[in-house]
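Colleague: Here are the chains, one letter per residue:
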Amino acid sequence: MATVEVIAKDNTGTTNGKSYSVIGRRVLRPDGVDKVTGRAQYGADVKLPGLLYGKVLRSPHAHARIRAIDTSAAEQLPGVKAIITGKDLPLAEDKVAKSGEGSVNYSYLRQNVLAQDKVLYHGHPVAAVAAVDIHTAEEALALIKVEYEPLPPVLDVLEAMRDDAPILLPGLRTRELGEVVGDKPTNIASHEQFARGDVAAGFAQAAVIVEREFRTNTVHQGYIEPHNATALWNADDHITVWTSTQGAWDQRRDLSALLQVPISRVRVIPMEIGGGFGGKFALYLEPLAALLSRKAGHRPVKMWMQRDEELKATGPTSASVIRVKAGARADGVITAVQVWMAYEAGAFPGSPVSAGMGVIFAPYRLENLLIDGYDVLVNKPPAQPYRAPGGTNAAFAGESVIDELAERLGMDPIAFRRINAAKEGDRRADGPVYGRIGYIETLDAIAAHPHYNAPLPAPSAPYIKVGRGVASGFWFNWDGKSSASATVNPDGTVAYLEGSVDIGGTRASLAMMLAETLGIPYEDVKPMVGDTQTLGFNDGTGGSRTTYGSGIVAYHLGQAIIQELKKRAAALWQVSAEAIQVEGDRYICGDRQIAFKELAEKLDETGGPLSVSVSLDTKGAIPGFGTHVVDVAVDTETGKVTILRYTAAQDVGRAIHPSYVEGQIQGGVAQGIGWALSEEYVYDDEGHLLNASLLDYRMPTALDLPMIEPVIVEVPNPNHPFGVKGVGEVPIVPPAAAIANAIYQAIGVRITTLPMKPAVILKALGRI
Amino acid sequence: MQSFSYVAARTLAEATAILAREGDQAKCLSGGTDLIVFLREGRRRASVVVDVKGIPELNQLSYHPQAGLTIGAAVPCHRIYSDPEVTAHYPGLIDAVALIGGIAIQGRATLGGNVCTASPAGDAIPALIAHQAVCVVASPEGTRELPIEQFFRGPGQTVLGTGELLVALKLPPPRPRMGAAYLRFTPRNEMDIAVASAGVAVALSEDKARFAHARVALGAVAPTPLFVPQAGEALINQPVSEAAVEAAARAAQAAARPITDVRGTAEQRRHLAYVLTKRALWRAIERARTDGKERENGKLERGG
Amino acid sequence: MHQKVCVTAIINDEEVTFLCEPRQSLLEVLRDVLGLTGAKEGCNNGNCGACAVLLNGVLVNACLVLGVEVNGARVTTVEGIAPKEGLHPLQRKFLEHAALQCGVCTPGFIVAAKALLDRNPNPTEHEVRHWLAGNLCRCTGYDKIVRAVLDAAAEMRAQRQPT
Ligand SMILES: Cc1cc2nc3c(=O)[nH]c(=O)nc-3n(C[C@H](O)[C@H](O)[C@H](O)COP(=O)(O)OP(=O)(O)OC[C@H]3O[C@@H](n4cnc5c(N)ncnc54)[C@H](O)[C@@H]3O)c2cc1C
Ligand code: FES
Ligand code: FES
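Protein chains in written order, with my numbering: chain A, 961 to 1728; chain B, 7 to 310; chain C, 57 to 219.
Extracted from the complex, chain A is given alone in its bound form:
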């Protein structure tokens, strides 16, 4: 096969009129050596004196009342140190806190971490044990007797919406456009609506109208490191938790609320994290480990999940049903769109349906739209964010319909999108007006790309059909709160402590921005991730916010150091700080100048140690867009779809570290491909998850994917000192739709369900 180009070129250049020396380079990450030698400490690697091991007993039923729990036999097992059940959790108020991009309801959280009177999904935690080793803890689980009264489960979103459906939460009432109306028990947690213009009038102007229903299945984030937590509830009632989390400060707040201890007594130390993709915000094991630690006489307790527990009981993202009607004039202008979407929330309210409503036609300028969304409970684990939460489902539906409209009008799919593409000043379905977005630029990048202009690859056998598909995607991007501090070392380096957990190389990108601001080499910034005791609040690593929000903080941190160093230079030369000019790493006054490094050596004589800290609630994120093109081969005898070539263009504002930007795009695409073709939750009628392993929950392997070519488009964000927009989420949005459109071109059938697995393709072809 093709030889591969060695490391791609650096991408230094200018943004917003500035030219850079560090930004745009492909520097090595500071935590890299530890990660390739196995030395990096992830949550499961924590070892403490007197460590106990904890395990969770989980419900074998999807829906049941708990009649009684008898832990007496388990308590007798030698080596067992503590057992907890739902009763051990203090009663949480029915309070809702903002958490990351979503919110957390403490009553629901409490019911989820340890079931109270009812279990609501297969795998719902019922009890937990701490013992001297993991095997003893496991044996103890087998000795806990739970008496269940099984109830009928509901697993399908449409069935759950019916009046006669089994009810999960008897107290739940529908929030209808923000207000609770009526007093009917229901599984419909909320109904929201975005409306603009007059859709009936819009459809009346349409030359073509496409109307389709789409269904997508439940999928999981699939990070390779399972959830884990080690907790020590000390005798002084201070709690320390070492864990794998995307948001240490969110977890501290939630732990404090759940365990009802003051926030000052909870310290959350985020360890290296083995992937999250949104699935590592929620609390699962942390409160259990803490309670077990207290009950076991203040010994530390470590817990980690097995993969079946991950799949059964942690954050899948919603299955959905989406009905779309869209019309366009003969000249290609979209006249109206109408959407009805229902997303599974799992056992408690909180699906990303409103995000889906925002994503579905976000790339287009629309005069007439009506989008209804429903958040619906089913007997599955509560949905958690998963990379562009709700976006892939929505784009699968929306972009399939866009493709069909273009086809019906006989237009090139990119040309059709270009006619309707949203620009700065256009209004989104959910209200806000777009700033300087770069959607059209991604369309142009794909239209001009050799991939889009190459002939389709020749089929390798008579039963193989090939096709090419295009789709676009959108994500809101997020700004939010970040904190950081820095100390200038006497050797001219900067120790940099920042609050964003590093999941994919952000320590490097943030250090680059600080180095760029200070005019010093990247290698001279020594970044470290802080914990809740060492820095102010920091929003979680998610929502594509880290390089944006924490990047702004890095910039201001740099500015604060510069201000301080100006004073030091002024002190050195006995002039006023205002008289000092800064150019790169040079501090200049008239014909005198001193470099950052030399000034650092003189800190002692110019006023002593120098450290600064910055906390900001950042604003000004601008949404990201991407356009993807994919070639597929469909084996018409087996129904298998193979990805032959994939190219993804995305406006990222500014690529601080191009390799990690590319990596985000490639990783998002790979997840999107898995969602499109092979990943799904398979439940039996009683609600048992049948494929709770990575053998049967089929994420793509290296052999299932081709190289994925990222095309970085840079339309800088004027609100960010370096133009950053955020990268992580957009790339998972278009793949399912792009692949569906390619399959259509190959076999002439539009597939409207995810995953587009072999049996579905065979059925569509009439082979089975």
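A couple of the hints might just be wrong.
[Stated by the list, open to error] DSS-like, lysine-lysine: derived pairs with alpha carbons at most 30 Å apart:
id: 1; chain 1: A; residue 1: Lys1055; chain 2: A; residue 2: Lys1441
id: 2; chain 1: A; residue 1: Lys1105; chain 2: A; residue 2: Lys1047
id: 3; chain 1: A; residue 1: Lys1058; chain 2: A; residue 2: Lys1579
id: 4; chain 1: C; residue 1: Lys60; chain 2: B; residue 2: Lys33
id: 5; chain 1: A; residue 1: Lys978; chain 2: A; residue 2: Lys1383
id: 6; chain 1: A; residue 1: Lys1486; chain 2: C; residue 2: Lys140
id: 7; chain 1: B; residue 1: Lys33; chain 2: B; residue 2: Lys176
id: 8; chain 1: A; residue 1: Lys1007; chain 2: C; residue 2: Lys60
id: 9; chain 1: A; residue 1: Lys978; chain 2: A; residue 2: Lys1486
id: 10; chain 1: A; residue 1: Lys978; chain 2: A; residue 2: Lys1441
id: 11; chain 1: C; residue 1: Lys140; chain 2: A; residue 2: Lys1007
id: 12; chain 1: A; residue 1: Lys1562; chain 2: A; residue 2: Lys1527
id: 13; chain 1: A; residue 1: Lys1255; chain 2: A; residue 2: Lys1047
id: 14; chain 1: A; residue 1: Lys1047; chain 2: A; residue 2: Lys978
id: 15; chain 1: A; residue 1: Lys1486; chain 2: A; residue 2: Lys1579
id: 16; chain 1: B; residue 1: Lys33; chain 2: A; residue 2: Lys1105
id: 17; chain 1: A; residue 1: Lys1058; chain 2: A; residue 2: Lys1441
id: 18; chain 1: C; residue 1: Lys60; chain 2: A; residue 2: Lys1255
[Said to hold, decoys possible] Restraint-style ranges between C-beta atoms, simulated for each label pair:
id: 19; chain 1: B; residue 1: Arg50; chain 2: A; residue 2: Arg1027; range: 29 to 35 Å
id: 20; chain 1: C; residue 1: Asn127; chain 2: A; residue 2: Leu1118; range: 55 to 61 Å
id: 21; chain 1: C; residue 1: Thr64; chain 2: B; residue 2: Ser211; range: 58 to 64 Å
id: 22; chain 1: B; residue 1: Thr266; chain 2: A; residue 2: Ser1224; range: 52 to 58 Å
id: 23; chain 1: B; residue 1: Pro229; chain 2: A; residue 2: Arg1727; range: 24 to 30 Å
id: 24; chain 1: C; residue 1: Thr64; chain 2: B; residue 2: Arg50; range: 25 to 31 Å
id: 25; chain 1: C; residue 1: Val89; chain 2: B; residue 2: Glu239; range: 56 to 62 Å
Bear in mind the hints are in silico, worked out from the structure with no lab data behind them. In this text, all values refer to a predicted model and were calculated from it rather than measured experimentally. All C-beta atoms in this analysis are idealised placements derived from N, C-alpha and C, irrespective of residue type, glycine included.
Dock chains B and C with the ligands against chain A, hints included.
Modeller: Below, chains B and C with the ligands without anything else, positioned relative to chain A:
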């Protein structure tokens, strides 16, 4: 995991004595890629685990042009496909052992384990049926031999009695102008369990125009791996043609008795039985025509 | 019950004797008993490759080997890949190519890739993908991992050939 004791057996007598004494509570450990998972998930229980990898008879791998091939039950996949003689003469078997799990699984997983797990989807089994393998079984009383297609009683069930273990698989030498192939269908390209599979072997007449011999076996379409004599009979003495292959593939499809489960639907499996038999037959025919040349040219998909 | 067994093995070129229960996997022993936490647990049933180690030079998943089975054997973990000075070319190329994001799969990939290059110093892209199919990575889409392995192989070949 439940507690158990561990014995690394050195001789057949030692191993079979423990198995006879402990009965159901003793489990053979070969590569462990099934057993360790089963024990961990509580799907099997054992008070004693008997490691059979150190028993010489279970470790033999020898080929002789007259006697054929003997593969000890504890020989891991990677040793099998790294052996040039096995690779040259038993291509169907090689297709199968190079597919089991991924490379790290193949570093441990053995033929004996694959056969004794008796999964309807066990990849080695249809290929072994196609190659006319014979199971050598030992007990404290001695050894017995039986054709592999008679080894299975149901999903996870074999004919092994208390005190018995599988020692080796014996494969007859390849016939002249013989080709064999094993194909499975999985949604992923690796690290997946067969939705359906077909193992076939054909030998051609001297002019290579007719089938002189043919065997077809299917995986994952019945409670046990399925030998389909009708499919082979549909070929014997027929000209090598689309029509003959089609007839055999249809016979295989007709014999399939699949169920719907998490990995596939019954109708999908029935359809795949046909497609895979057809494709496996053409691959085997190609190999028979070139007498294994294709294989030596390195088309086999193995990283190493 | 719970009787521990004494096992002696050569781990990363050092003879080590440890006690373990028969039910403890090699992965548990490495991580919990010996403090070698480089091998990761991603699935504990052979499906992800995060726990990959070399057992007598053969690539295996440590979660599917019992600790007692390695008596008398040689085990190489990611901690034993680098030479005394510096990094193994694979480790360096993983860093240069940004072939890791969260990094939790990285030890397994490096061990698996080493096993490949030990056998096949000049693999094709397809061979690399096939060999690494037992190692799941959820972050990278594999692109940069495959490039890193191919590039390391090229560098190792160049170093081996006297110019
Ligand atoms: C990730 C993963 C992927 C897999 N992929 C595949 C695949 O693609 N195709 C496939 O077919 N299988 C697959 N398997 C299953 C397994 O790897 C194979 O069945 C393998 O061949 C089993 O061999 P083993 O030596 O590991 O068996 P072991 O686990 O050692 O034993 C399996 C069973 O056989 C019994 N046994 C072993 N040896 C003997 C003997 N000599 N006499 C009597 N009983 C014996 C054991 O007690 C046990 O019940 C996979 C497993 C995993 C974990
Ligand atoms: S932990 Fe061993 S393969 Fe996943
Ligand atoms: S880098 Fe995160 S799983 Fe591979």
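Colleague: Each hint: holds or not?
Modeller: Status of the hints after comparison with the structure:
Of the pairs offered as hints, the one joining A:Lys1055 and A:Lys1441 holds, with about 22 Å between alpha carbons and a cut-off of 30 Å not exceeded. A C-alpha spacing of about 16 Å is found between A:Lys1105 and A:Lys1047, which places the hinted pair at or below 30 Å, so the restraint holds. Our distance criterion of 30 Å between C-alpha atoms is met by A:Lys1058 and A:Lys1579, whose separation comes to about 17 Å. Simply put, C:Lys60 and B:Lys33 have alpha-carbon atoms about 19 Å apart, close enough for the 30 Å limit, and the pair holds.
This hinted pair checks out: A:Lys978 and A:Lys1383 have alpha carbons roughly 24 Å apart, not beyond 30 Å. At most 30 Å may separate the alpha-carbon atoms for a hinted pair to count; A:Lys1486 and C:Lys140 meet this at roughly 25 Å. Pair hint B:Lys33 plus B:Lys176 holds up; C-alpha atoms about 23 Å apart against a cutoff of 30 Å. Under the criterion of a C-alpha separation no larger than 30 Å, the hint pairing A:Lys1007 with C:Lys60 is consistent with the structure, at around 21 Å.
For the proposed pair A:Lys978 and A:Lys1486, the alpha carbon gap of about 24 Å is at most 30 Å, so the pair holds. At most 30 Å may separate the alpha-carbon atoms for a hinted pair to count; A:Lys978 and A:Lys1441 meet this at roughly 26 Å. For a cut-off of 30 Å, the pair hint linking C:Lys140 to A:Lys1007 stands: about 26 Å separates their Cα positions. With a C-alpha separation of about 12 Å, the suggested pair A:Lys1562 and A:Lys1527 falls inside the 30 Å cut-off, and the hint holds.
Between A:Lys1255 and A:Lys1047 the CA atoms are separated by roughly 13 Å; this keeps the pair inside 30 Å, and the hint holds. Straight-line distance between C-alpha atoms of A:Lys1047 and A:Lys978 comes to about 60 Å, which puts the hinted pair past the 30 Å bound. At most 30 Å may separate the alpha-carbon atoms for a hinted pair to count; A:Lys1486 and A:Lys1579 meet this at roughly 26 Å. Taking the CA atoms of B:Lys33 and A:Lys1105, the gap is near 29 Å; set against the 30 Å cutoff, the hint holds.
Straight-line distance between C-alpha atoms of A:Lys1058 and A:Lys1441 comes to about 12 Å, which keeps the hinted pair within the 30 Å bound. Note on C:Lys60 and A:Lys1255: the hinted pairing holds, with a Cα-Cα distance of about 29 Å set against a maximum of 30 Å. Checked against the hint of 29 to 35 Å, the C-beta distance between B:Arg50 and A:Arg1027 comes to roughly 31 Å, which is consistent with it. Judged by the Cβ atoms, the range 55 to 61 Å given for C:Asn127 and A:Leu1118 holds: they are separated by roughly 58 Å.
In this structure the hint that C:Thr64 and B:Ser211 lie 58 to 64 Å apart at CB holds, the actual value being about 59 Å. Checking the proposed 52 to 58 Å range against B:Thr266 and A:Ser1224 shows it holds: the Cβ atoms sit about 56 Å from each other. Roughly 25 Å separates the CB atoms of B:Pro229 and A:Arg1727, a value that falls within the hinted 24 to 30 Å. At about 29 Å, the beta-carbon gap between C:Thr64 and B:Arg50 stays in the expected band of 25 to 31 Å.
For C:Val89 and B:Glu239, the hinted distance range of 56 to 62 Å is satisfied, since their beta carbons lie about 58 Å from each other.
When held up to the earlier numbered hints, the structure conflicts with hint 14 and nothing else.
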